[in-house]
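Asks: Every number in the numbering used here is 11 more than the matching position in the sequence shown, counting from 1.
A couple of the hints might just be wrong.
Calculated cross-link-like contacts (lysine-lysine; reagent style DSS-like; alpha-carbon spacing at most 25 Å) [to be verified]:
(1) Lys24 with Lys55
(2) Lys81 with Lys55
(3) Lys13 with Lys55
(4) Lys118 with Lys81
(5) Lys118 with Lys31
(6) Lys13 with Lys31
(7) Lys118 with Lys24
(8) Lys54 with Lys31
(9) Lys55 with Lys31
Since the hints were derived computationally from the structure, they do not count as laboratory data.
Here the structure is a predicted model, which means the values were calculated and not measured.
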Amino acid sequence: MKANELRIGNIVKIRGNICKVANISGFISESITGVIIDKHGNKKHLYAEINDIEPITLTEEWLLRARFTKSFIVTNFAIQTEDGVLDLVPSDIAGHHVYFDDNWICKVQYVHQLQNLYFALTGQELIINL
Numbered sequence: 012m013k014a015n016e017l018r019i020g021n022i023v024k025i026r027g028n029i030c031k032v033a034n035i036s037g038f039i040s041e042s043i044t045g046v047i048i049d050k051h052g053n054k055k056h057l058y059a060e061i062n063d064i065e066p067i068t069l070t071e072e073w074l075l076r077a078r079f080t081k082s083f084i085v086t087n088f089a090i091q092t093e094d095g096v097l098d099l100v101p102s103d104i105a106g107h108h109v110y111f112d113d114n115w116i117c118k119v120q121y122v123h124q125l126q127n128l129y130f131a132l133t134g135q136e137l138i139i140n141l
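Kindly generate the complete structure, drawing on both the sequences and the hints.
Replies: Next up, the structure:
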């Protein structure tokens, strides 16, 4: 994973722990500070080098946590934004094909990629329940 893929607020794994990126520094050595939030809402700060960070594969569970709704007619997931509908269709190989108002945009495979894309399209953070 590269530091330039990350934004503050991205959800990643640091040494097996699910974290929200709290700070990014990349001038001397690429590193981040993550915040682990446990089930009780307690926060723990965790420092990590970029090599300790793993992306989280985008699954149905993560899409539902992000308030996407699953269609029972087809296998896609959708969320309504102020500007249109964002649809994710599972790929046969890996990841999801992304459509915005029926126009294909790209393919995403990880949670942080979806967060970054959502922000780029809407100017708002994607809310994900941890």
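Asks: Are the hints correct? Go through all of them and say.
Replies: Each hint tested on the structure:
1. Lys24 with Lys55: Holds, at about 14 Å.
2. Lys81 with Lys55: Given that 25 Å is the threshold and the Cα spacing comes to 33 Å, the pair is violated.
3. Lys13 with Lys55: Distance ~23 Å between lysine 13 and lysine 55 Cα, so the pair holds.
4. Lys118 with Lys81: holds, 18 Å
5. Lys118 with Lys31: Roughly 22 Å between the alpha carbons, so the hint for lysine 118 and lysine 31 holds.
6. Lys13 with Lys31: holds, 16 Å
7. Lys118 with Lys24: holds, 21 Å
8. Lys54 with Lys31: Judged against 25 Å, a Cα distance of about 10 Å means the pair holds.
9. Lys55 with Lys31: holds, 11 Å
Going down the numbered hints, you'll see the structure goes against just number 2.
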